[in-house]
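Colleague: Here is how the chains run, residue by residue.
2 protein chains.
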Amino acid sequence: MADSDSGEGLSIQDLQQHIHRMYYDKDVARGVDGTFMWLMEEVGELASALRGDDRENLKEEFADVIAWLFTIANVADVNLADALAAKYGNGCPGCGKFECTCSLDEKP
Amino acid sequence: MADSDSGEGLSIQDLQQHIHRMYYDKDVARGVDGTFMWLMEEVGELASALRGDDRENLKEEFADVIAWLFTIANVADVNLADALAAKYGNGCPGCGKFECTCSLDEKP
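Residue numbers (UniProt numbering), protein chains in the order written: chain R, 1 to 108; chain Z, 1 to 108.
Relax, there's no trap hidden among the hints.
In silico EDC-like links for lysine to aspartate or glutamate, alpha-carbon gap of 16 Å or less:
no., chain 1, residue 1, chain 2, residue 2
1, Z, Lys87, R, Glu8
2, R, Lys87, Z, Glu56
3, R, Lys26, Z, Asp105
These are computed hints drawn from the structure, not numbers from a lab.
All chains, full assembly: derive it from the sequences and hints.
Modeller: Below is the structure:
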């Protein structure tokens, strides 16, 4: 990934390939279930960080959760950029608007 | 987001702005905790999809979890592209390599 001081220009596809290069062999060896356990651990750490006031830690925890999600997607052979474009590329999946008008009570 | 048939070229930054436009007002009204509950519901659906064999549903569930993560990052005012570049831009945070050599037993 070029220019690692800033994420500007970082694409979903590049990130997924970067994570693939870093972790794919280990992830396949561990398997989907074991990898999902790590994701859950990081999600818990994110919950904790959201309650705290350490901004640097919060940024790291977001990055970790996203990295684990991408790593599971690699094991599952899902192209996340395409999946995101398909589901959200044309506005909210619920109401179809680019500024969602779904009720707060509905599942968005 | 341009060219919503394919995610090629979709940047982390663009996606976060797109999610912001769609959902920010609702997310702030709901609050971090309520929004996190929705994230957890989607994570559960992802776990279920990973056990099944419906590929289209699996892609959607990945997209949903990522969208909810991004939406929480907006409420928390965290720039995800920068957070990812900072944590993972120079290789594995654990071993520093672009092909991770951490032991399978360690926290990666």
